[in-house]
Amino acid sequence: MKLLEVRNLSTHYVSSRGTRVTRAVDDVSLAVDEGETLGIVGESGSGKTTLALSLLRLLPPAARNVGGEIWFEGEDLLRISNAEMRRVRGKRIAMILQDPLASLNPLFTVGDQVAEPIRVHEGASRGSAWDRARELLRAVRIAAPEARVREYPHQLSGGMRQRVVGAIAISCGPRLLIADEPTTSLDLTIQAQYLRLLRDLQRDHGLAMIFITHNLGIVAKMCGHVAVMYAGRLVEAGPVARIFSSPAHPYTQALLESIPRMSDGRQRLTAIDGQPPDPVALPPGCAFHPRCPKVMDRCRVEAPPEFRVAEAQVSRCWLSG
Amino acid sequence: MNGSAANASPSRAAALTLAWRYASFRSEGFPVLPVLIIVVFVLTALFANVLAPHNPEVGTLGDRFHPPAWQDGGTGEHLLGTDHLGRDVLSRLIFGARVSLVVGFMAVIFAGILGTVLGILSGYLGGWVDQVIMRITDAWLALPALTFAIFLAAIVGPSAMNIVIILAAVYWTRYARVVRGEVLSLKEREFVRLAIVAGCSKRTIMRRHILPNVLNSTIVLATLMLGVVIVTEASLSFLGVGVPPPQPAWGLMLADGKKGLMAGYWWLTVLPGTCIMLLVLAANLLGDWLRVKLDPQLRQL
Amino acid sequence: MKRVGFALISLFLLSLTIFVFVRVTGDPAVLLAEPGASTDDLAAIRQQFGLDQPLWVQYGSFLAHLGRGDFGQSFYYRTDVFELYRSRLPYSLLLASVAMLFSLVIGIPTGVIAAVRVNGWWDSAGKLFALLGLSLPSFWVGLLMILFFSVYLGWLPSSGSGTAAHVLMPAFALGWYFAAAHMRLTRSSMLEVLGSEYVKLARIKGLPEALVIAKHALKNALIPVLTLAGINLVLMINVAIVVETVFAWPGIGRLLYEGIAFRDFPIVQAIVLLGGAMIVVVNLLVDVLYAVIDPRIRYER
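First to last, the sequence lines map onto chains A, B and C. Everything in the first sequence is counted per the numbering used here, starting at 1 for the first residue and increasing by one. Everything in the second sequence is counted per the numbering used here, starting at 1001 for the first residue and increasing by one. Everything in the third sequence is counted per the numbering used here, starting at 2001 for the first residue and increasing by one.
Just so you know, these hints were derived from the structure itself, not from any lab. Zero decoy hints are in this set.
Derived DSSO-like pairs: lysine-lysine, alpha-carbon spacing no greater than 30 Å straight-line: (1) B:K1187 x B:K1293; (2) C:K2127 x B:K1293; (3) A:K91 x C:K2215; (4) C:K2215 x C:K2127; (5) C:K2200 x A:K2; (6) C:K2200 x C:K2215; (7) A:K91 x C:K2219; (8) A:K91 x C:K2200; (9) C:K2127 x C:K2200; (10) A:K221 x C:K2200; (11) B:K1202 x B:K1187; (12) A:K91 x A:K2; (13) C:K2219 x C:K2200; (14) A:K91 x A:K221; (15) A:K2 x A:K221.
Just so you know, these numbers come straight off a predicted model, no measurement behind them.
Bound-form chain A, shown alone (with noise of 0.2 Å):
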C-alpha cells in the first residue's frame, strides 16, 4: 500500500459573494511510496502550494475542497475530524516552507520553537523536550546547538533558519515531508548543502518526501518521481528518468528545452511564448492550447483526461491519447 495516495483531489477558491470561482486544484491524482521523493513541479499559480496546503488541510477561508480523497496510512484525511487532523500535522506529516525567517516566529527562541511540538505530540516535559531540541539541531547540522538554543531567529543566517525548520519538521517523527520551495530563499552556495541535509535526513529518518519546485534541475537531483502542474491540473507525471528523456505532453518538453545548457549551439534562450492563465479566466479546453506548439482543434474545446503513456507514465494531452 502505498503511503499517501491522492485520488481527483479538487479545491477551489471561492470570492466572497459566491460569484467568482477559481478552480486552484483540479481533479489532481498521485501517489507516494514509504521513503520515495515526488517532485511537483509549475509555474507560479499553478496550484502548487494549494495543493500541498490541502494535504494538511489548511487551506485559507476562501478555499473549500470540492472533491477527491486523500489516502494516508490507510485514513482518508479529508474524512477525519478537525482534532484528529490536528495530531496528523506536524507528527505524522510535516511542512517546510519558503522562507525561514517568516515562517519562525521573532520573538521566541529557536529551542522554544523547535521543542513546541515535541511538547504537544508527545506530551513531554519541558526539560526533555529541549533536551531533543538541541539533539535536533545538531542533527541538521548546526554548529554550538548549545547556544544557537538559546537565540532568536533574526540572530541565525538564513541557511541555519532554514536548518531550524527543517528541525521542526522531524521532530516528531514524521513519516512524509512536504518541502515548498524550501531553497528559493536562499543563497545559491547554501541551497547545495541544505538539499543534501534533506537527502541525509529523509535516509536517516526514512522520510518520504514530496518537493515542490519550480526548478526541474533539483528535480533531477533530487526525485525519483516528478509530477508537473499547469493551471490546477496535473498534465505529466511519471519517474524522474523517463519524464526527463522522453516526455510526453508539450509543456513538459517545452519547461525541459527551455533549460539553457552549455552544449547547445543554440543563440537565443527559448521561453515558452505566452503567460500562465490566470486562474480565474482559464481557456476552454485544454488549458494549455493558447500555448501549445502542437495545439489541435480538439484541444480548443474539449480538455483531455489522463491517458496512459507508458508502464508509469501518465500525460493529460490528446497527443498521448
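Position chains B and C relative to chain A; hints supplied.
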C-alpha cells in the same frame, strides 16, 4: 449568514440584506445613508432662514424649558422644546448646523491647503526646508489638538472666524505629515523623473505632477478630518472658548443643556448631541468609503 | 540616540511656539496681567516681564524660568502654578489609568475575537462599535451617562471625586473613544499576524488553534497596540479636559477649564507647555521601551 436568511421568506431576506448593506460598511456600495445625512444637514444650513420657525437667538422667558411636542407640557409651537432662555430648540439646531458646517468646512479646507502646500514643499524640496517644516510639525503634533486650540482661543478671544483660523492652525500638521510621505514616494516614480530630465522647473513639477496625485489622499483626509474638526469645535464651544453666544452652536447648546440636566431636561442635551453624532458619523463613513475607493494605500489611516 | 536629539528639538520648538504666540498676538501684557488691571498695572507688568526688551532676551528669560520650574503665579489661587499642577496631576492620572484599563479590557478582546472570527457577526458588531466610538464626542457620552445613571436611575454620583463610584462614569466616557481605537488596531494587527508565515507554520506543526492564537499570534499582535496604549495614556490625561469639566473631576483638565473661565493665563500656559512636554517625553520613552519588548531591535545595536 446568508444561508440562514434564505430559509426565511425570500422577500424578507432580501429586504434585510439590503438594509444591512446600506447600513453596514463591509459592502463596496455607495454609502447612500451618510451622503444623505450630510446633504440634509447642508441643505438645512443653507436654508436655515426659511426652515427655522423661530428666531434662534431670542426667546421669551415665559416659555422656558418646554419639553418636545410629544411629551407632556410640550407645545406644537416648539416642536423640540425650548431652552433656559425660552429659545426654540429646533431653530437653534437648524442654525447651529450652519455654524458647525461652515466652521467645519472652512477649517478643513484651510488646514488642507496649508498642510498640503507645506507637505509638498517639505517632501519635494527636502533639505533644510524639510527639516524645519518637519520639526515644527512634530512639535505641534505633540500638542493635543484640543489643548492647543484652547490655548490659542484663550489668546485671541472667541469668535467664529477666529475658531476657523485656530482649527486650521491646529490641524494642518496632520495633512502635512501624510502628504509629505506621499510626495517622498512619488518623487521616485517614473513620471516625475521624466519631468526632471525634461527640464521642468521645480515649481512646475510640484504643481502639475505632484499635486494632482496627492489630492486623493488630501480629499480622503479632509473627509475624515471633518468629523474631528466638528467635534473639536463643539468641545471648544462647550467649554466656552468657541463660538460665542448668543450665536447658536451645538456645543454651546450642550453647555447650556448641562445646567438643566439634573432637573431632567433631557432634550437640551440629547438633541444637539444627536446632531453632532449624526454628522460626524456620516462624515466618518463617507471618509472610510472614499479611502477604500480612492487609495487603498491609505488603509493605515 | 538621535531620537533624544529630536525630542529635545521638539521640546524647544514647543516652548518657542508658545512663547511666540503669546508675545506676538495682541498685547501680551493684557494676558499676563490679571483681568481688570488698570493701565498702571499693565505698565508694571511690562516692566516685570521685560516686555520692552528684545524678543530673544525675553525668550531667554522665559526658558530660564521654565528651567527653574517657575511657571508663574496663578491669579485666582494665588499660588505657584507648578504646585497647582502637581497637586492636580494625580487625579488626572487616576482617571486616565482607569479609563485606559477600561479601554484595553474592552478593546483588546473585542479586537482579537473580531480578527479570529473575521467577517462574522462579532466582527461586524465590532466595526459598528468602533465607528460609534470614534464618532461620539466623549463629553456627550458623559452627559448621556449622567442623564441615565444619575438622573433617571440615581445609581451613580454625577460629579466630584472620592469613591470608586465617582470614577466609573468619567472613566467610561473618557475611555470610550480609546476603546474603539484600540479595538481597531488590535483587530488589524491581529489579522496581519494571523496571515503570517509563522502562524501558518505553527498550524503546520499541529498546534491546537487556541495555542496558536494565544501564544504565537497574540504576543506579536499586541506590540503595536500596547505601544499605542502607552502614548494614549498621556494623551488621555491631556484631552480629559472636557470630561473632567462635565463631571467636575479635579484633575489637570478641570484646572485648564478654570484657567480659561477665570482668565487665569499662567495656568493655561503652563498646562499647555507641560502637556506637550509630557507627550514628547512619553513618545521617546515608548520608543526606548519598544527595544525592550522586541528582541529584534534589542540585538540590532
